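J.: For reference, the chains in residue letters:
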Amino acid sequence: MVFNLRNSIILFSLGTIILMGSLTIYSVTSIDINYFLRFLLINIFVILLVVLLFNQINLNRIFSFGWLLFLLNILLVLSVEIFGKEINGSKRWLDFGFLSLQPSEFMKITYALFVVQYLRFYSFKFSKFRTIFLLSVLFFSAIPIIAQPDLGTGLVYIFLGLMFLFICGMHRFYFIGMGVFGVLLSPLIYTFGLTSYQKGRIISWFSSDQTLSEKWNILQSEISIGSGGLSGEGFLNSKQNEFNFLPEADTDFIFSIYAEQFGFIGVFLILLMLGTFIVVTTLLTMTEKRLTSDLSPYYIGTYCTLVIGFSFLLNILMVSGMIPVVGLPLPFFTKGGSSLLCFSIMLGLIFTSRGFLK
Amino acid sequence: MKDNKIHIYRTRTNILLGIFVFILTLVITRFFYLQIIQGNELKELREQNINAFEYIYPKRGRIISRDGIVLAEDRKVFSLAIDIEQKPSEQSIRKLTDLFSERINVEDLRLKVSDSIRFRRSEIIIEKLTQEDLAKYLVSGSDITGFSVIEGYERQYNSHPSIFHVLGHMGYINSSDVNYFSPRIDEYNSKLWSKVGKSGLERVYEQKLQGEHGKRFFQRNARGDRRVITDISPFREGEELLISIDFEAQKLAYDLMKDRKGSVVVIDLDDFSIPVAISTPSISANDLRDISSLQYQDLLNDPARPLFNRAFMGLYPPASTIKPLLTVFALNNGYTNWDETIFDDGFFRFEEEERVFNAWREGGHGLTDLKKALVESSNPFFMNLSIRYEKNLFVDFLKSSSFGSKLCEDCYPHQFSPLIDDDWKYKNFGKELFKGDFINLGVGQGYMLTTPLHLSLISGILAKKGKYQLPYLVAKKQNQLSINEELTEQDWNKLQASLIDVIYSPNGTGYRINAGALKLAGKSGTAQVVDINSREEYDEVRTNPLLRDHAIFIGYAPYDNPRYSIAVIVENGESGGRVAGPIAKEVLEELLNGF
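Here the protein sequences come in this chain order: A and B.
Numbering-wise (this note's numbering), the first sequence opens with residue 2 and increments by one.
Numbering-wise (this note's numbering), the second sequence opens with residue -3 and increments by one.
Hints are not guaranteed to be accurate.
[Stated by the list, open to error] No farther apart than 27 angstroms at their CA atoms in a straight line, the calculated lysine-lysine pairs in the DSSO-like style are these:
#1 B/K83 x A/K240
#2 A/K240 x B/K194
#3 B/K1 x A/K126
#4 B/K1 x A/K129
#5 A/K240 x B/K39
#6 B/K39 x A/K216
#7 B/K395 x B/K460
[Unchecked claim] Computed Cβ-Cβ distance ranges for the label pairs, DEER-style:
#8 A/F193 x B/E37: 38 to 46 angstroms
#9 B/N36 x A/F176: 41 to 49 angstroms
#10 B/N0 x A/T196: 53 to 61 angstroms
#11 B/V73 x A/F236: 44 to 52 angstroms
#12 B/Y29 x A/F84: 38 to 46 angstroms
#13 B/S172 x A/W217: 35 to 43 angstroms
#14 B/Q44 x A/L53: 47 to 55 angstroms
Simulated from the structure, these hints should not be mistaken for lab results.
The model shown is predicted, which means the values in this text are computed figures rather than measured ones.
Every residue, glycine too, gets a C-beta built ideally from N, C-alpha and C.
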């Protein structure tokens, strides 16, 4: 491991995010300090474990299992329908006793690994057939996620999958085509493709009727954020959390609690750290000198970095009322095994792809 | 080839990074807007989320009689309620039902618990715990969880039925109460007070009695569970109401009526307050508080009308008891004098309409002057006078004697004696008043109706020689009033002497009262319930108790320095002198010896 300035910046910004995430989770869920330490240790332990494990495995080996992992993941998503436990009207989780996993969370990684394995064989040349094949796989594999029903995760999966194809160099004609097609098709999708619950979520975002429960959730979230003011109410002083006004305070809406406690300064700091981490890591990955002509590590590293960045932003856009409420986790903040594991794997892929630890 | 791919990759990564930074800036702007620009507003909303308050209900004021008896007061009662913040366990439910097995059963309690958790309201399971119940519950305390003892107040009245009509009763508020109270009570909030006075003093003095509620501020979470009490704003207990009723005399008057229907009203002539106002039959005010709506319907449908306050509402023909008042009118306007005599043969012949009116005594009173007409109650004498009355003067006189206007500000409900004039008759019969009408009016029959309260006041007017005030139950400054006739002192003395003779002269209709040392002056009356044209009809009517005449007596004592005036009405009591008079005597004796 090389401790140069760049690496130090990356580690510092990432460390800050993880620390703040752990502190916030602790402030939401418990007042027991042991709980916080345990959570922080588990976080760091899982991240380190995954990163070190990935470091021991040759990236090429991981890539060679791409399609297998992807198939396995799809099967897990489908098995949720049979074995999964239902929370809030949708089946997303597999319960392993000590850990409950949301297999759909991992689709964005395994799809990318599958694409890499498939295209590497063709030196990332997108023929018409390959392009349509990969797009079809992406859209069809999203169906079981959307059917759970989990529109948010499904849409984000498609969006991130397209982003990966974009990074890998798919012809821009397809993106323009899909964009036009999507705009034309969206009224039809809204009318026939969505359940009333999903429509309710979208309506609540556009309507100003505050009695709708979704609107109430967003309002409570905005109240939390706004109450933080410039400098925040101070650590452990979130009244919205103390009096249970914020639903899902430990998962989807955790950033509102963070904003109430640490104020605009805290929000600015964490976003600064995020920006630093994403931009610096991406730039370093991009400019890494490589001996082989294989661009796979570039693609995977950049993709994983941007996934973390965009996931973070999507969640914050959601809690601050700028996009409809879709259940998206906040990386390193949201309490939950699959989210932590998923983002740890991404860190592992990022660091491994850059040969960071060598 | 590779360079081209790297070029595409770098370009596209830069595009994505650009989008990322753009959204990041957008997010920062959004948070700046929410936290810095809208921060205070949103914080205010958060405080509204968390901070709530509830009302603290003060103790309602006591009502105390002028002889110092507490007639109504709020007593603290304890009830057992479900504590929604700690759901009662199945074990606790069973233990509690074991403890109070005679008052609740397991199934009902389970249902109440599940309802109360579902609707998030604290349901009361046992109302009004006795001391013993409370002790039982508190001893078993730690075994039973999920319930809490809550404090409240309950109105407790003196249980003697004599006092019910004056005090009135409380009941759950409805829209007519809202209409009644809104213009009368400053800052009246119908959501605040669940029970209000429905009748009597409880209604009239609602604002004074209810006091001012306080507020208990507390913090609560999104489910509405109360967490911490943060502040308590002061509240004021209801004011005490000292009323003019003399409870001993009131009880006596009621008991003297036994099971007869009627009313006794006494007015204190020093200040025109009302020391006695009873209406029989009656009920205990506490009974009305606890009964079901079915039992309430029974009371409303009872032909004896126990809920009807005869003292302030009952309209009776005053009969002969109106004669002294009309004497004042007749003397002043020169319709008669103390020397005029007529021959009373038991009939009055009204020649204009060729009608003959029966008088009460067979054979009449013989040669009769004004004094004899008063003492022995000669109808023909007064009928003879009344055909001379000028309509306008007569109506004005009645008006100045408080006919047709509200008598008492704090008597509720209250009915005024109708003013019989052309308007009244047009409204009721479509004709104007005839001369013949005055023959009946002149002896207090026909259209003339008065309340017992008004009769007592008329007696007071006679005692005070025309000067009077409006009566009341709770001390208040009153305007001095007087009837619009001004008799000479000599005429007043002769009139009063006649009223004394009614009681003390052996011919007097009130001689049988045996008033003795009481120094009673008065006038008896017997009001016909049905029109009777012949003696035969009269005997027939007497066999039906409900058609028998009402016995009326008005009077005041002591006659040399009048302290109290009284009116007694015994429905179907037949003889004012023999039935109503003795009741008046005993009540006045009690009042005069009491001080």
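J.: Assuming the hint says 38 to 46 angstroms, is it satisfied by the Cβ distance from B/Y29 to A/F84 or not?
T.: holds (45 angstroms)
J.: Is it true that B/S172 and A/W217 lie within 35 to 43 angstroms of each other by Cβ?
T.: Check passed, 39 angstroms falls within 35 to 43 angstroms.
J.: May I ask you to test the hint 38 to 46 angstroms on the CB atoms belonging to A/F193 and B/E37?
T.: holds (41 angstroms)
J.: Has the given pair, A/K240 with B/K39, been kept, meaning a C-alpha gap of at most 27 angstroms?
T.: Roughly 10 angstroms between the alpha carbons, so the hint for A/K240 and B/K39 holds.
J.: For A/K240 and B/K194, compute the direct alpha-carbon distance and say whether it is at most 27 angstroms.
T.: Not satisfied, since the Cα-Cα distance of roughly 46 angstroms exceeds 27 angstroms.
J.: Taking 27 angstroms as the top limit, are the C-alpha atoms of B/K1 and A/K129 close enough?
T.: holds (17 angstroms)
J.: Just tell me: holds or violated, for the beta carbon distance of B/N36 and A/F176 against 41 to 49 angstroms?
T.: Holds: the Cβ-Cβ distance is about 44 angstroms, inside 41 to 49 angstroms.
J.: Is the hinted pair B/K395 and B/K460 satisfied, with a Cα-Cα distance of at most 27 angstroms?
T.: holds (18 angstroms)
J.: Does A/K240 sit within 27 angstroms of B/K83, going by the straight-line distance between their CA atoms?
T.: Judged against 27 angstroms, a Cα distance of about 25 angstroms means the pair holds.
J.: When you check the alpha-carbon spacing of B/K39 and A/K216, does it fall within 27 angstroms?
T.: holds (18 angstroms)
J.: Given the hint of 53 to 61 angstroms, check if B/N0 and A/T196 actually sit that far apart at their C-beta atoms.
T.: violated (45 angstroms)
J.: Okay, B/V73 versus A/F236 on CB: inside 44 to 52 angstroms?
T.: holds (48 angstroms)
When each numbered hint is compared with the structure, violations occur for hints 2, 10.
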